[in-house]
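Student: Chains as they are written, first to last, in my numbering: chain Z, 1 to 132; chain C, 1 to 57; chain D, 1 to 138.
For the record, the hints were derived by calculation from the structure and aren't laboratory data. Take these hints with a grain of salt, some might be off.
[What the hints assert, rightly or not] If you only want the chain Z side, here are some residues facing chain D, beta carbon under 7 Å, derived:
hint : residue
1    : Y22
2    : S57
3    : A85
4    : E92
5    : G94
[To be verified] Below 16 Å or equal to it, Euclidean Cα-Cα: the simulated EDC-like pairs (lysine to aspartate or glutamate) are:
hint : chain 1 : residue 1 : chain 2 : residue 2
6    : D       : K95       : Z       : E92
7    : D       : K56       : Z       : D23
8    : D       : K112      : Z       : E92
9    : D       : K15       : Z       : D23
10   : D       : K27       : Z       : D20
11   : Z       : K39       : C       : E13
We put the beta carbon where it would ideally sit given N, CA and C, even for glycine.
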Amino acid sequence: MERIPILKMGDFLLVTIQVDLYDQLAENLESDLINTISKHSSKGVLIDISAVSIIDSFMGRILGNIAVMSRILDAQTVVVGMQPAVAITLVELGLSLNGVISALNVEKGMDLLRSKMQTSDNEEPEYDDDNE
Amino acid sequence: MGAECIISGIRPEIAQTVVHLGIDLSGITTKASLASALQTAFEMLQLAVVKRKKIVE
Amino acid sequence: MTTITNNKEEALIVKEQDVVPLRNRVKEYGVKIGMSILNQTKLITATSELVRNLLKYGGGGKVIIESVSNGRENGVRVTFIDNGPGIADIELAMKDGYSTGKSLGLGLPGTKRLVNEFDIKSELGNGTTVTITKWKNG
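Starting from the given sequences, assemble the full structure and let the hints guide the process.
Tutor: See below:
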């Protein structure tokens with residue numbers, strides 16, 4: 001079963017979607033991402049969609065779900081690199097993607113994630129409370 | 001009832017189910033670990049935890 | 001206004017994995033007539049929505065892709081045919097925000113906005129046929 005790789009970069013997770021998304025793949029991504037955020041107590045998720053040329057209502061909903069689910073797990077999601085044609089089409093489809101924060105590219109997305117982290121918690125506790 | 005609620009230690013399956021069912025948790029603060037939940041609670045109450053100094057005579 | 005068909009092909013859609021090749025074929029038709037990236041995106045997104053309905057509610061079916069011309073310009077026409085349960089109330093299904101299940105419904109009103117021509121025929125117990133047309137500069 002094809003799965004989209006998730007890279008861990010410290011407190012952040014990076015996902016780059018470079019294949020055509022179909023329903024099962026998108027659902028797997030949602031599931032994998034939430035589990036990975038939980039496992040590593042990640043603070044931020046960056047989803048790079050610069051290579052995605054089609055986002056329909058199903059995909060759009062998955063992105064929205066990921067944003068909300070991450071928030072429940074105390075992580076911020078930023079989507080980067082949305083292609084202009086995709087953005088225009090999503091608006092006409094009537095998909096508002098509320099709750100999904102987007103940035104132009106990976107660098108700006110990382111800056112956004114870091115700044116959002118600073119406004120919430122300050123420092124990590126010194127002792128490790130992981131007891132898996 | 002005069003108490004703020006913070007939920008911590010939410011399992012990933014729960015987070016997914018909550019969203020799929022369309023339940024809105026936006027009014028509740030949710031934290032990943034008990035430690036960060038406590039930290040948030042202290043911040044809300046403007047409390048600080050300091051180590052007691054040992055008094056040496 | 002009569003429409004001439006220049007090229008035509010059929011695809012059977014029975015499983016989810018059939019969707020991506022279909023999207024690529026539709027894209028090829030769009031590229032061939034010189035459709036802009038934006039219009040290609042709209043056409044393929046509409047295709048993606050309708051083929052999902054075909055699979056999810058229609059139990060699979062057939063998709064016909066045609067290269068068409070109305071005398072003034074070229075376009076791509078895609079027809080989705082299933083033998084599923086059919087839609088009870090088409091007018092209701094075409095209303096924004098209507099849904100019968102957990103998801104956001106058939107997405108028909110949104111899909112209609114992406115294309116230039118949208119035709120839907122459905123009969124309870126007799127399946128559904130949806131035809132969309134996107135003109136090159138539409």
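Student: Double-check G94 (chain Z) for me: the hint is only fine if its C-beta lies closer than 7 Å to a C-beta in chain D.
Tutor: Since the shortest Cβ distance to chain D is 4 Å, the answer is holds.
Student: Any CB of chain D closer than 7 Å to the CB of E92 (chain Z)?
Tutor: 5 Å, holds
Student: With a cut-off of 16 Å on the C-alpha distance, tell me whether K39 (chain Z) and E13 (chain C) pass.
Tutor: Distance ~12 Å between K39 (chain Z) and E13 (chain C) Cα, so the pair holds.
Student: Do the alpha carbons of K112 (chain D) and E92 (chain Z) lie within 16 Å of each other, as the hint requires?
Tutor: 10 Å, holds
Student: For the hint on Y22 (chain Z), just tell me whether its beta-carbon gets within less than 7 Å of chain D.
Tutor: 5 Å, holds
Student: Holds or violated: K15 (chain D) with D23 (chain Z), Cα cutoff 16 Å?
Tutor: Holds: K15 (chain D) and D23 (chain Z) sit about 11 Å apart, inside 16 Å.
Student: Does the structure keep K95 (chain D) and E92 (chain Z) at a Cα separation of 16 Å or less?
Tutor: The hint holds at about 15 Å.
Student: What's the verdict on K27 (chain D) and D20 (chain Z), does the C-alpha distance respect the 16 Å limit or exceed it?
Tutor: Roughly 13 Å between the alpha carbons, so the hint for K27 (chain D) and D20 (chain Z) holds.
Student: Do the alpha carbons of K56 (chain D) and D23 (chain Z) lie within 16 Å of each other, as the hint requires?
Tutor: 11 Å, holds
Student: Holds or violated: is the Cβ of S57 (chain Z) closer than 7 Å to a Cβ in chain D?
Tutor: 5 Å, holds
Student: Does the CB of A85 (chain Z) sit less than 7 Å away from some CB of chain D?
Tutor: Where the cut-off is 7 Å and the nearest Cβ of chain D is about 4 Å from A85 (chain Z), the hint holds.
No hint from the list above goes unmet by this structure.
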